Amino acid sequence: MSKVNEAEIRAEVREWIAANWNPDMSLVEWRGKLADSGWGMPQWPKQWYGRGLPLALARAVEEELSNVGAVSVAKSGVRLLAAATLLEHGSDPQKKKFLRRILTGEDTWCQFFSEPGSGSDLAGATTRADLNGDYWIINGQKVWTTSAHHADHGLLLARTDWDAPKHEGMTFFVIDVKQPGVDVQPLKQMNGHASFNQVFFTDAKVPLENRVGGVGEGWKVAMTTLAHERRGADGLPPPSKRGTRVGRIHAEERAETEKANQPYKWYPQRAGRVDLVIDRAKETGVNRDPDVRQEIARLMIMAKSAEWTARRARAAQQQGRPQGPEGSLGKLAASNVARAASRVHTMITGTEAMLTGSASPRDGIIAEILVSVPAVSIAGGTDEIQRNIIAERVLDLPKEPRFDTGPFRNVRKN
Amino acid sequence: MNASDESKIEPKRRIQFAFTDEQEQFRSAIRRFLNDKSPTIEVRRLMATAEGYDPAVWRQLSEDLALPGIHIPEQYGGAGFGMVELCIVTEEFGRALLCAPYFSTAVLAANAILNSGTEAQKAALLPDIAKGARRAALAITESDGNWDPAGIEVVATRDADGYLLDGVKSYVVDGHTADLLIVAARTPETVGREGLALFTFDGHAGGVERRLLESMDPTRKIARIEFRRAHAKLLGNLEGGATPILRTLDQAAIALANEMVGGAQALFDAAVNYAKLRVQFGRTIGSFQAIKHRLADMLLDVELAKSAAYYAAQAAAADDPEWPALASLAKAAASETYLQTAIQCIQIHGGIGFTWDNDTHLWFKRAKSSEVFLGQPGYHRELLMQRWGV
Chain A
1 MSKVNEAEIR AEVREWIAAN WNPDMSLVEW RGKLADSGWG MPQWPKQWYG
51 RGLPLALARA VEEELSNVGA VSVAKSGVRL LAAATLLEHG SDPQKKKFLR
101 RILTGEDTWC QFFSEPGSGS DLAGATTRAD LNGDYWIING QKVWTTSAHH
151 ADHGLLLART DWDAPKHEGM TFFVIDVKQP GVDVQPLKQM NGHASFNQVF
201 FTDAKVPLEN RVGGVGEGWK VAMTTLAHER RGADGLPPPS KRGTRVGRIH
251 AEERAETEKA NQPYKWYPQR AGRVDLVIDR AKETGVNRDP DVRQEIARLM
301 IMAKSAEWTA RRARAAQQQG RPQGPEGSLG KLAASNVARA ASRVHTMITG
351 TEAMLTGSAS PRDGIIAEIL VSVPAVSIAG GTDEIQRNII AERVLDLPKE
401 PRFDTGPFRN VRKN
Chain B
1 MNASDESKIE PKRRIQFAFT DEQEQFRSAI RRFLNDKSPT IEVRRLMATA
51 EGYDPAVWRQ LSEDLALPGI HIPEQYGGAG FGMVELCIVT EEFGRALLCA
101 PYFSTAVLAA NAILNSGTEA QKAALLPDIA KGARRAALAI TESDGNWDPA
151 GIEVVATRDA DGYLLDGVKS YVVDGHTADL LIVAARTPET VGREGLALFT
201 FDGHAGGVER RLLESMDPTR KIARIEFRRA HAKLLGNLEG GATPILRTLD
251 QAAIALANEM VGGAQALFDA AVNYAKLRVQ FGRTIGSFQA IKHRLADMLL
301 DVELAKSAAY YAAQAAAADD PEWPALASLA KAAASETYLQ TAIQCIQIHG
351 GIGFTWDNDT HLWFKRAKSS EVFLGQPGYH RELLMQRWGV
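Residue numbers (our numbering), protein chains in the order written: chain A, 1 to 414; chain B, 1 to 390.
Extracted from the complex, chain A is given alone in its bound form (with noise of 0.2 angstroms):
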């Protein structure tokens, strides 16, 4: 069946490409054509800027965009998983308010979920929300927040019962991050770079019509977002292939994917960069030693395994197969690769890594893959973490006791 369709559908989002794209355009306006024509987002309902059809049928209309060079809506950051949880659980005010300005890129989201209290445990959230008239009143702290500097809003998990268990106590909103009571500071981390920041909270405001789902349902909100989240990569958009095209909208959205990757430029060292060992190796000479050797060896035997059990997963997706353990090893392998891939660098690189900046080899990548890869065991879950949902999501081990039920209120905190 898909056959037939794919070829009319492909047929279709042809002909309208034909009479609609023009790379002079604006990028806001030509997001927005594709917004209203449904072209952008195929997958979502008819009614919110989308065609209701099938990701198999989204991916051929994707392709025949990226086909003539057209560029897509925008879908760096954290706007589509802002939109993945409006479409999801907001009211039909909301959606109309957010969905298209999220797709033409006019406004920019940022996430405010963790806190300085609450890192892995996320359902310990203290960041208040207090109904004042037509206002909730926010007050608290949320932190690792990209982009939170150039941000028009934010998702906000904040509490408004303590008196409720941990879960059930919170609700999720949308706030302004442009007004008096938001204060976005960056924050410094021990690699240089400034990705993410902390955002204070002093009496901002959030008007009633912005609370996404009911008073209480928060976290089950929040968790369509993390799912989203999961799915998606790693927030990291991908490089963008169309470097040389002409035309002001090439221009635009170039200057826009510029600022959007900002904040990632060091993710790839952070991973370990094992791609570039052997040369590393063979570039000091250090590959005639055999203690390296093994080391070299082992780290790659490691990352190659890791690579194939991910296409092992995939292929049990694609085939339709329960998903098998393999799934859910991803982010715990990735953390083992990247040290060990730190600490192999460090033997390739010998004194020379007591060096920092251009003084170090590679023009100082080697020394950022020596202080980034601490983040990657981290950031998105903690091999810890990831350790537990193994343990009891797979292996389907016992929970280890709780200390946080009945009220929050008096749940033992930071």
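Source of the hints: derived by calculation from the structure; they are not laboratory data. Since this is a predicted model, take the numbers as computed values, not measurements. Treat the hints loosely; a few may be bogus.
As the list claims (entries may be wrong) - Listed next, the stretches of chain A that the computed footprint assigns to chain B, with coverage defined by at least 3 CB atoms under 8 angstroms from CB atoms of chain B: (1) 8–19; (2) 26–36; (3) 275–282; (4) 292–302; (5) 387–393.
Using N, Cα and C, we set each Cβ at its ideal position, and we do this for glycine too.
Using the hints provided, position chain B relative to the given structure of chain A.
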């Protein structure tokens, strides 16, 4: 004729990351057979015998399941499958710790004949192997335990109707019972990888002293074989040199890697089950993070080694040029994982895990002996580096 011409220009088989439904069914059939024939009570009975296997079970796995010839082409009496299916067999055998002369006969000897033999020799030797009527062993290593054929010292001297073998082979799996011995030897006054060839020797002929060695892993019997002017025939020709020997060892490394991940899985499953049963401090020990995290790490380790073993088998089946390097990669990966899983499995069992009555030590010993069989992990890591041109 046309068909074979076409097959040559066809693109190489692509590496598959999932087994086919047929392969999964094949695995299930083997697993059912082993559940029935190789419970640990049988493993314990057979490991205490000198022969080390049950002839009735060997006959069934040969005649009912056609396993010794699973990878042997149909024109030589085999089932005509390849490396992937052979490795499914070894993985399941490793999981159940089956006591049978399979690795020696099907993996080592049959592949040596396929890699080295003339058409006439393959036609003469392989059908009986495929049927399970001829058990064979491959003798490469000598008393120094070196897996590099360059170190071979057994000499084959030309005589009127063949060759005379002189010297000692050791660590020959099932060498004490095999009907047919395939022996790697060198022609006189050659060194290194020059002058090497494979020879066939009738296991029941004279001029040889075969002695069962006391092996740490009693489920895999190994023998020392001393040849004294023993009459042997050249397998193939003298031009091949070390190439067929190395090819056979690489194939064996892949099959062994798959056997090892099967064993590692059995150990891992045993550890998880025990963690769910054993109660201390009023809780099952599997509820402690110290145990949960250890098990999560073990799972990761086992899955990664499986991926390496499966990928190497697929690459060999597809004749990917990189496959010999991947054989070393998989052997090193599976060796480390199998032993680590065995160590952790004992640890999770606590004191009971160190007893003879608990089954864990059966796999631990297979893990330990497999770690060094066909070359230690460090040896294969170095081979991997050489083969990748580092």
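Check: Which earlier hints turn out false for this structure, listed by number in ascending order?
Finding: Result: hints 1, 2 break, sorted rising.
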